[in-house]
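**Student:** Starting from the known structure of chain A, fit chain B onto it as the hints suggest.
So the chains spell out like this:
Number of protein chains: 2
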Amino acid sequence: MNYETPLFFRVMKYADAADRDVVDMVSGNPDWEPPEALRAGLREYADLAPDRFQYPPSEGLLELREEIAARRSVDADQIVVTNGAGEANYLAMARALERDSGEEILLTDPVYPYYPGKTTMLGGTQSYVATDDEGQLDPEDIRAAASEETAAIVVNTPNNPTGAVYPAETMRELVAIAESYDAILVSDEVYDHYDLSGRFASALETDSTHRVVTNAFSKSMAITGVRVGYAIFPPELVADAESRHMLVNVATTRPGQYAVLQALRETGPDYYERNRKRLRERVETFTDALDAAGAAYTRPDGSFYVMARFDGYPGTLENVERLIDEAGVAGMPGEAFGSSRAEWLRFALVTPRVEEAAERLATFFD
Amino acid sequence: MNYETPLFFRVMKYADAADRDVVDMVSGNPDWEPPEALRAGLREYADLAPDRFQYPPSEGLLELREEIAARRSVDADQIVVTNGAGEANYLAMARALERDSGEEILLTDPVYPYYPGKTTMLGGTQSYVATDDEGQLDPEDIRAAASEETAAIVVNTPNNPTGAVYPAETMRELVAIAESYDAILVSDEVYDHYDLSGRFASALETDSTHRVVTNAFSKSMAITGVRVGYAIFPPELVADAESRHMLVNVATTRPGQYAVLQALRETGPDYYERNRKRLRERVETFTDALDAAGAAYTRPDGSFYVMARFDGYPGTLENVERLIDEAGVAGMPGEAFGSSRAEWLRFALVTPRVEEAAERLATFFD
Chain A
1 MNYETPLFFR
11 VMKYADAADR
21 DVVDMVSGNP
31 DWEPPEALRA
41 GLREYADLAP
51 DRFQYPPSEG
61 LLELREEIAA
71 RRSVDADQIV
81 VTNGAGEANY
91 LAMARALERD
101 SGEEILLTDP
111 VYPYYPGKTT
121 MLGGTQSYVA
131 TDDEGQLDPE
141 DIRAAASEET
151 AAIVVNTPNN
161 PTGAVYPAET
171 MRELVAIAES
181 YDAILVSDEV
191 YDHYDLSGRF
201 ASALETDSTH
211 RVVTNAFSKS
221 MAITGVRVGY
231 AIFPPELVAD
241 AESRHMLVNV
251 ATTRPGQYAV
261 LQALRETGPD
271 YYERNRKRLR
281 ERVETFTDAL
291 DAAGAAYTRP
301 DGSFYVMARF
311 DGYPGTLENV
321 ERLIDEAGVA
331 GMPGEAFGSS
341 RAEWLRFALV
351 TPRVEEAAER
361 LATFFD
Chain B
1 MNYETPLFFR
11 VMKYADAADR
21 DVVDMVSGNP
31 DWEPPEALRA
41 GLREYADLAP
51 DRFQYPPSEG
61 LLELREEIAA
71 RRSVDADQIV
81 VTNGAGEANY
91 LAMARALERD
101 SGEEILLTDP
111 VYPYYPGKTT
121 MLGGTQSYVA
131 TDDEGQLDPE
141 DIRAAASEET
151 AAIVVNTPNN
161 PTGAVYPAET
171 MRELVAIAES
181 YDAILVSDEV
191 YDHYDLSGRF
201 ASALETDSTH
211 RVVTNAFSKS
221 MAITGVRVGY
231 AIFPPELVAD
241 AESRHMLVNV
251 ATTRPGQYAV
261 LQALRETGPD
271 YYERNRKRLR
281 ERVETFTDAL
291 DAAGAAYTRP
301 DGSFYVMARF
311 DGYPGTLENV
321 ERLIDEAGVA
331 GMPGEAFGSS
341 RAEWLRFALV
351 TPRVEEAAER
361 LATFFD
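So the protein lines, in turn, are chains A and B. Take the first sequence: its position 114, counting from 1, is numbered 114 in full-length UniProt numbering, and each next residue is one higher. Take the second sequence: its position 337, counting from 1, is numbered 337 in full-length UniProt numbering, and each next residue is one higher.
Looking at chain A on its own, in the form it has when it is part of the complex (with noise of 0.2 angstroms):
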């Protein structure tokens, strides 16, 4: 098969593995902490009866079904709770190839590489629209790609890498693009909470039975490693996602959607408003260092993620692996990303040491 495996693993033991003090911004993992009811739905669960600890619902437990549903203005019926965004991307993906109506999927590049990854495990085939210099999609390209062949459209807004927020005129038109071919838009929304811009805009404020939105508590509760995300399909498209995941996976993990449970009903938006905060000042720490090496960046409007560009240092793997073992710095290559931004590097601002190394950089580069 040679599903392309992300790169992340490799530069993630590449840094571990060098013999000095590395600062490491290569992958999404927050620093910072979980709710602490999340923390408290946990314990509250390890103490629960024997049938607790048994499989819930495959669809999820109908509680954080409906506190999901509350929050989206969808029906409980077309959320399944996931493992994590990656099965809901996954499953999302899998059911636009099931509908005999084409077998192409087309990203953007740059592309989160989970995209292509799936897509080739999926057999379908990718074809790639660029987006411009500060990350924005125009649908009209996406439109120009698109044809009857058509199975998927699949975005991520708040975007990794490039830090794009969709405006609300792009998500509509992209859901106007599904539906004049038969295809389904799918938006990875997983960090709308990282939204720093103001203007995120969620494929469900456009009503359609050709989109699925996809997202997770990882990143918004710090909790990439509990896996528990959802999907919202369309009532039409949800039984057969819902025979994949339970034929998949039977179930996602009880005590993560209990812990999970308790945390949104319990966690006020000052805990979110922290979290943006805390990004906010690294991204002004990190573009001035920037703008003091003189590099070329793109300031995000959401997500995690600085992609930046230093004269005739290209991001290419050979390069990630230089700054790791010179400068202390561990990023992503941006080929890691696609071909319009082999000549970047991204920085994810997960870490309290952002400004240490943003100063490494500047010196490095100076």
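There could be a bad hint or two in this list.
The list treats identical chains as interchangeable, and a pair is accepted whether it falls inside one copy or across any two copies.
Said to hold, decoys possible - No farther apart than 20 angstroms at their CA atoms in a straight line, the calculated lysine to aspartate or glutamate pairs in the EDC-like style are these:
hint	residue 1	residue 2
1	277	343
2	13	51
3	277	179
4	277	318
5	13	77
What the hints contain is simulated information worked out from the structure, not anything from laboratory work.
**Tutor:** Below, chain B without anything else, positioned relative to chain A:
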């Protein structure tokens, strides 16, 4: 797509909605306590630092893989920690179908219904080999059914639904047959801790590049809802299975892995023996009542189930629903497991009310 959705959920819903008290013997959810160390592990996890809430290694926590490897006498690198045995079987069957060595999956009749469902989902075709009245599988029947088209032979020992435990010769022969047709033997051994016969033999006992063993802590630790299992691959097959696991689920839930690791380390053999003793007593109680009711049945050598046949009362969904309404006992229709047991009903001995259920059945069929 239309995968066959297992009937479990439908029967459980019917029983829940019944207008009377019903003893639930539908699904294989243990009703006994998880190990105390499992609960303690979850409590401990709740207080760990934020970085312990982030992605574990995709293939599983190294310490957990090492604990499993030591117990199974394999290399930790051969192990993928999965979202229960459900995902382990999915990965193993997908791997077998991707080798370009056939598209047929050989299954037993009766069969655990998830296997044919997974086969359809993965684009394979099912063939069935009947077991005998005791649920034993004659390897010569498998050899006669196998061909160059065979991608995998999937077996389950101790067996759900028959309770059969395949002897070591059978397991050796199944591996040999897989080798001769360049197929993969997938041996699902999730009930290995509930071998009541002392004759359980793992497929791991036969060294081969053509067998994958799947398992989980769901049954052995009475935690079907936590979703931690594993698959043991030959070294040649593990990398692609890891890729699929990463692309579908990213990783398996970390609090679950952490708690299972603690429980593996700290739970003595008395815990598992206590559970077997309880099961043995329930088998006695239940089969005594079946004798009294004049039913035919197979005394299980392992797993949680007793299949019984009542004259003139075939194992249809309709008859199962009538038994719920009129006797207050919920079982599974034999026809859900294939044509060979269409006359039978399956009862799961995972309720403290086995004696009451047995009496109700005796009265109903009197």
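**Student:** Which hint numbers does the structure go against, in order from smallest to largest?
**Tutor:** The structure breaks hints 1, 3 and 4; every other hint is satisfied.
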